Amino acid sequence: GNSVTQMEGPVTLSEEAFLTINCTYTATGYPSLFWYVQYPGEGLQLLLKATKADDKGSNKGFEATYRKETTSFHLEKGSVQVSDSAVYFCALSPYNQGGKLIFGQGTELSVKP
Amino acid sequence: GAGVSQSPRYKVAKRGQDVALRCDPISGHVSLFWYQQALGQGPEFLTYFQNEAQLDKSGLPSDRFFAERPEGSVSTLKIQRTQQEDSAVYLCASSPRRTGSEKLFFGSGTQLSVL
Numbered sequence: 001g002n003s004v005t006q007m008e009g010p011v012t013l014s015e016e017a018f019l020t021i022n023c024t025y026t027a028t029g030y031p032s033l034f035w036y037v038q039y040p041g042e043g044l045q046l047l048l049k050a051t052k053a054d055d056k057g058s059n060k061g062f063e064a065t066y067r068k069e070t071t072s073f074h075l076e077k078g079s080v081q082v083s084d085s086a087v088y089f090c091a092l093s094p095y096n097q098g099g100k101l102i103f104g105q106g107t108e109l110s111v112k113p
Numbered sequence: 001g002a003g004v005s006q007s008p009r010y011k012v013a014k015r016g017q018d019v020a021l022r023c024d025p026i027s028g029h030v031s032l033f034w035y036q037q038a039l040g041q042g043p044e045f046l047t048y049f050q051n052e053a054q055l056d057k058s059g060l061p062s063d064r065f066f067a068e069r070p071e072g073s074v075s076t077l078k079i080q081r082t083q084q085e086d087s088a089v090y091l092c093a094s095s096p097r098r099t100g101s102e103k104l105f106f107g108s109g110t111q112l113s114v115l
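Quick mapping for you: the protein sequence lines, in order, are chains U and C. Each step along the first sequence adds one to the number in this note's numbering, with nothing skipped, and position 98 is 98. Each step along the second sequence adds one to the number in this note's numbering, with nothing skipped, and position 4 is 4.
The reader is advised that the hints may include incorrect statements.
[Stated by the list, open to error] What the simulated footprint calls covered on chain U by chain C, stretch by stretch (three residues with Cβ under 8 Å from a Cβ of chain C suffice, anywhere in the stretch; the number is not a length): (1) 21 to 30; (2) 71 to 80.
[Claimed, not checked] Simulated pairs of lysine-lysine, DSSO-like, Cα-Cα distance not exceeding 30 Å: (3) C:Lys57 to U:Lys60; (4) C:Lys14 to C:Lys103; (5) C:Lys11 to C:Lys78; (6) U:Lys52 to C:Lys57; (7) U:Lys52 to C:Lys11; (8) C:Lys57 to C:Lys103; (9) U:Lys68 to C:Lys103.
It is worth saying that the hints were derived from the structure and are not from the lab. Note that this is a predicted model, so its numbers are computed, not measured. Note that the Cβ used here is the ideal one computed from N, Cα and C, for glycine as well.
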């Protein structure tokens, strides 16, 4: 079946620290991969995506590379800011299933000044 | 409106009551999804519409859950005889594309509490 596993939170970092949030997946076929972010009091927003192996998605200083050999899509940022504090969700969209998303459980990030 | 709108924002129901949750997608969006998000968990897929056709309802947890989108725009998720385990945030998302995952917009959700 299809599933997504994320590292557990909460993750607490100081401003300007390096961020990695691990995400691995299980899927049949060739899924698309996503990172969504949920800021406090707001709805889910797409952060970045990758649709095929070796693609790198990037946005707002965040990056993630679709690694088929390790079935991973780890989220990284070189220097986090207090405003990056949010819950981050890794997700996959199975091939040819209309676009539904399978989410991980989410990782809460707290950045301290 | 500019985004996906869901109402009510909060709903408290007594166990056994029926509830109806509304989703107004972005105008013209073809695809509409419903997700259920339990506290501290990621959203879980419930059902998917393309226009008025319900193409996938594999995620609906029981026959107490029913969704409709009769005119291909507004959608309603109905839960009959609510139970405590139905307490969650119900998210609606819409997309202008037939395969919606790559351009999906989420509403802020309806938080349902069943007492």
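I'd like to know which numbered hints this structure contradicts. Please list them from smallest to largest.
Per hint list: 1, 2, 3, 4, 7 violated.
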